[in-house]
Amino acid sequence: MKKLIAIGAVLALALVLALSFTLPVAATTTDVTTGAEMSGTGIPPVIKAKWEAHDDDPLTPGCQIIPPPSAWDPSTGILTEGVTDIEVWAVVTDEEGIADIMTVQNEVLHPDGSMKWQEVMVEIPITGNPRVIPPFVYDHLAEAVASGQITQALADDIIAELLKGEARIFKYIGQYNTHTQPAGKYEAIVYATDFGGSTSVKIHNNFWIISILAYAIDFDVVNWGFIKPLVTDTVSGNETMDPMTQPAGKNNNPPTIQNLGNDPLSLKLHFTEMVGKVQGKKITQFDATFMGYTIDPITASTWVDWTKAGPGGTAVKLTQCHKSQLDFSIHPPNTITSDSYSGKINITVVDP
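Sequential numbering from 62 applies to the sequence shown in my numbering.
You may find that some hints are simply not true.
Below, a list of computed lysine to aspartate or glutamate pairs in the EDC-like style, where the Cα atoms sit at most 20 Å apart [what the hints assert, rightly or not]:
hint	residue 1	residue 2
1	K109	D161
2	K384	D366
3	K109	E222
4	K384	D134
5	K263	E180
6	K289	D400
7	K342	D400
8	K378	E300
9	K405	D388
10	K246	D146
11	K329	E300
12	K109	E204
13	K384	D303
14	K369	D412
15	K378	D357
16	K329	D412
17	K246	D412
18	K246	E148
19	K232	D200
Pairwise CB distance ranges (calculated) [as the list claims (entries may be wrong)]:
hint	residue 1	residue 2	range
20	T360	G286	19 to 25 Å
21	Q179	G245	15 to 21 Å
22	L215	P304	50 to 56 Å
23	E142	P196	30 to 36 Å
24	V183	I139	29 to 35 Å
Calculated directly from the structure, the hints in this document are not laboratory data. For glycine and all other residues, C-beta sits at the position ideal for the given N, C-alpha and C.
Model the full assembly from the supplied sequences, consistent with the hints where possible.
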């Protein structure tokens, strides 16, 4: 009896084992193979994209910045230098993880290749769960696309990687001074360094500061006072921009002109006829001196300029931020009579 029971037990066990291998069982865990490698020098970060802002000419490829001119207050004589912000943007990734990105630097070079600045960029935090990109980042990406500095596909890819935590975005704001820094093509360079000391490939591109012509004069009257027939009289200038405080009809200051733009300028002007108030007699001959170069004679209603008044027909230029005195002379004819004479001087500046 015991023997039969033992045999029955063996058969029962065999049946259980057979059933355990033939009936399907739902899986509750999965094993996944893992792996990692450590490079001896580390994998450097990658500059995924870079661009500059703000673009003032969407119709021209690249970033074109039109700076404000400097300003001179005639009531106080105070000069306010024109300043505008230049923003450099960069998006950086790292195969070893974005936490490995230590610093992102940018350099900007003047048109002559000299250094304008070399500074560490500041990260714009992308935080939250889920991660949230600040609205102004979307605006700047759109501007970069509109100016042709990045493509829409790249902008979409940047947004996706920022939201997934696979990229970081950085910005630096520098300043351009119209009064002291030139117009032209500037070079911007961006590169990143990780905590292992590996540095990315440097990414270069250009942006443009547009040339502007601007000036100020510290006078609105040229009054020769009492004149005599056939006797030349001159109102001489100086190189001091003084406040215009004199009453109307009097010489405000010795005439001065100052360059408020970011490129050299030359001068263009013409005199109207000076007509006697009572007799109607006319004075039609004058001369003027700019940067020490005199154009003589100047006939009324004739425009003259100094773009070919220098040695050998070269342009006479007033360089950026500098001043020049202006001298004006009158040549009364022998036909004038006692009277009060008045007219105008039209002054403008031109690109030399």
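We went through each hint and held it up to the structure:
no.	hint	result
1	K109 / D161	holds (15 Å)
2	K384 / D366	holds (17 Å)
3	K109 / E222	holds (10 Å)
4	K384 / D134	holds (15 Å)
5	K263 / E180	holds (14 Å)
6	K289 / D400	holds (11 Å)
7	K342 / D400	holds (8 Å)
8	K378 / E300	holds (15 Å)
9	K405 / D388	holds (15 Å)
10	K246 / D146	holds (16 Å)
11	K329 / E300	holds (19 Å)
12	K109 / E204	holds (17 Å)
13	K384 / D303	holds (12 Å)
14	K369 / D412	holds (12 Å)
15	K378 / D357	holds (18 Å)
16	K329 / D412	holds (10 Å)
17	K246 / D412	holds (18 Å)
18	K246 / E148	holds (15 Å)
19	K232 / D200	holds (14 Å)
20	T360 / G286: 19 to 25 Å	holds (23 Å)
21	Q179 / G245: 15 to 21 Å	holds (19 Å)
22	L215 / P304: 50 to 56 Å	holds (53 Å)
23	E142 / P196: 30 to 36 Å	holds (32 Å)
24	V183 / I139: 29 to 35 Å	holds (33 Å)
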